[in-house]
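Undergrad: Sequence:
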Amino acid sequence: MPRSGSRKGRVLAAGAFVVAVAIAAVAIAMREPGPQGGDAARRVGAEDRSFDTNDPLERACGIDPVLLARLWRGSDGVHDQDIIFVPHEPNYVGTLAYTSHTGPWDYVAGVPLVLYGPGVVPERPPVDRPVTLADVYPTVGRLLDLDLPAREGRPLREAIDGSLAPPKLIVSIMWDGVGNNVLDRWPGWWPVLERLAANGVSYTNATIGSSPSITPSTHSTLGAGAFPRDHGVTAIKYRTDDGDVREAFDDIKPEDLRLTTYGDDVDRLLDNEPKVGLVAWQPWHIGMMGHGAQSPGGDKDDLGLITGKTSGVLVETNPDYYTAPWGKGSPDPAGLERRLDEVDRADGEADGRWENQVVADQKSNPAWVEWEADLMIDLIERRGYGDDTVPDLLFANFKATDLVAHQTTMDSRQMALVLEAQDRALGRLVDHLENEVEDFTVILTADHGSTPNAARTGAWAILTDELTKDLNRHFSIPKGEKLIQTMPAHGIFIDPTVAERAGASLDAIARYLNAYTIGMNWTDPEPPAGYEERADEPVFEAAFPTEILDDAMECAGASSRS
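Add 2 to the 1-based position in the sequence shown for this note's numbering, that's all there is to it.
I should point out that these hints are in silico values taken from the structure, not numbers from a laboratory. Treat the hints with caution; some may be incorrect.
[Stated by the list, open to error] If you anchor each label on the Cβ, the simulated ranges turn out as follows:
{"#": "1", "residue 1": "Arg385", "residue 2": "Glu502", "range": "52 to 58 Å"}
{"#": "2", "residue 1": "Arg44", "residue 2": "Gly505", "range": "39 to 45 Å"}
{"#": "3", "residue 1": "Gln409", "residue 2": "Arg131", "range": "20 to 26 Å"}
{"#": "4", "residue 1": "Arg131", "residue 2": "Asp273", "range": "33 to 39 Å"}
{"#": "5", "residue 1": "Gly190", "residue 2": "Ala510", "range": "34 to 40 Å"}
{"#": "6", "residue 1": "Glu351", "residue 2": "Ser561", "range": "52 to 58 Å"}
{"#": "7", "residue 1": "Gly505", "residue 2": "Arg248", "range": "24 to 30 Å"}
{"#": "8", "residue 1": "Asp186", "residue 2": "Ala510", "range": "39 to 45 Å"}
{"#": "9", "residue 1": "Asp353", "residue 2": "Pro67", "range": "50 to 56 Å"}
{"#": "10", "residue 1": "Arg503", "residue 2": "Asn207", "range": "26 to 32 Å"}
{"#": "11", "residue 1": "Gln409", "residue 2": "Gly505", "range": "36 to 42 Å"}
{"#": "12", "residue 1": "Arg475", "residue 2": "Ala537", "range": "15 to 21 Å"}
All residues carry an ideal CB built from backbone N, CA and C; glycine is no exception.
Work out the full structure, taking the sequences as your base and the hints as a guide.
TA: What follows is the structure, encoded as structure tokens:
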């Protein structure tokens, strides 16, 4: 985890956070970079960004072996996309205004990993050896002196001291999208995390370990102590055994995760006496906690997924496998309306808006962050987490930062403000644990980094709608048929029936993608400023059938070990 810069002031109490938002908005206006037009794009265009071949295997073999290994660990050969593509860095799939974040590069793979717990976790200098999210699973087992199944992950030995007390409660927190590049971009806006890192153990060379760098996969990696190649949750889009494509964990069902999690295993080893719970936003996040009653010998764990509705049920669950922490149909546990009103009035005007967004309709503002912290503290008190000597496990995903990164990029003032709100919420939670639980451990990390503004990096945003049309034209796909089932930000799911009729082999499709250029992807008469001389530049570093990953690993000399 990078070190934060200095910043005057202290973390404010919850009741004063409106003042914090207003002050921060003024400060950030002086720090946010202005638009750079096409200068960055011209700088990138001045480089040699051509390739000698369009052969899929040769292009795959040219990928950095470390990055290629992340792609390999992120594929299980069953549920993946048919074709992997790796945009030519800094390119990404999306638009110049709306970014995505999936890829093998260090800027999306590098994440903070901090363990903190007075009297439980030793205080050590920053640790710079390479570690991954998979290493959290065996570390929890060691902290609790339990023999968990052997997995890919290895214990974070610097965070373990057998002479210290075992924790009564382990709280695992995922700051969605807050990779090290986001912390580096906004030094001084996360003083609580900086304090926990200084008084616990911080792993400064932690990565998610695999690619796609995408939410369901990495949450499952943390929970299961293994990578998608073993746990099976390869991405948001997921090919089922019968060939259909749907979202992972659809309908809040945990069955897509092939391996148990430390939530499952600790619960089972202790005869279901531990309390286990998750407060999060989407079914994608349940892989960090586990299967609940679906796990053999398991029981129903607490699960509250925030729907974002301001009328009706605000927190959902799946009663087949989980318990609703606030009861069925609870309209507003912990007072969301109050938090929305506070943020609405932070600018001195009660107009229902914050930073040009409707506070009730969009989750990417401090109100939702503060409310989630309220929910977590309420759940700890309501259910008695950490009240006895049987260890409990609580999990959380804070989503607002990821939403901001997509909507306004990680370089926006909104990112700094929401990051600060998440840090403030972390402080409230830690204060509660220190006052009410005592022997606890907080594990804080992130599921991926975020993509900088294209005006800063010179990236080309690959337009998937246009690429889909171009593929259909190139392979003469009849009107009404679709060669592409879906095209997420990391690859393509092909309709095999349509492809076979069109004679569009995976190799042929990949070759076309390797030859695909900025000029082909942009259809207006004039390109955006800065891209005028880049029309012939390939948008992808490599595109290749997923089925040749093993061959690519061999020719690149890549290691499968993390």
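Undergrad: Compare the structure with each hint and give your call.
TA: Hints, verified against the model:
no.: 1; hint: Arg385 to Glu502: 52 to 58 Å; verdict: holds, 54 Å
no.: 2; hint: Arg44 to Gly505: 39 to 45 Å; verdict: holds, 40 Å
no.: 3; hint: Gln409 to Arg131: 20 to 26 Å; verdict: violated, 36 Å
no.: 4; hint: Arg131 to Asp273: 33 to 39 Å; verdict: holds, 36 Å
no.: 5; hint: Gly190 to Ala510: 34 to 40 Å; verdict: violated, 51 Å
no.: 6; hint: Glu351 to Ser561: 52 to 58 Å; verdict: holds, 57 Å
no.: 7; hint: Gly505 to Arg248: 24 to 30 Å; verdict: holds, 28 Å
no.: 8; hint: Asp186 to Ala510: 39 to 45 Å; verdict: holds, 41 Å
no.: 9; hint: Asp353 to Pro67: 50 to 56 Å; verdict: holds, 54 Å
no.: 10; hint: Arg503 to Asn207: 26 to 32 Å; verdict: violated, 49 Å
no.: 11; hint: Gln409 to Gly505: 36 to 42 Å; verdict: holds, 41 Å
no.: 12; hint: Arg475 to Ala537: 15 to 21 Å; verdict: holds, 18 Å
Comparing the model with each numbered hint stated earlier shows that hints 3, 5, 10 do not hold.
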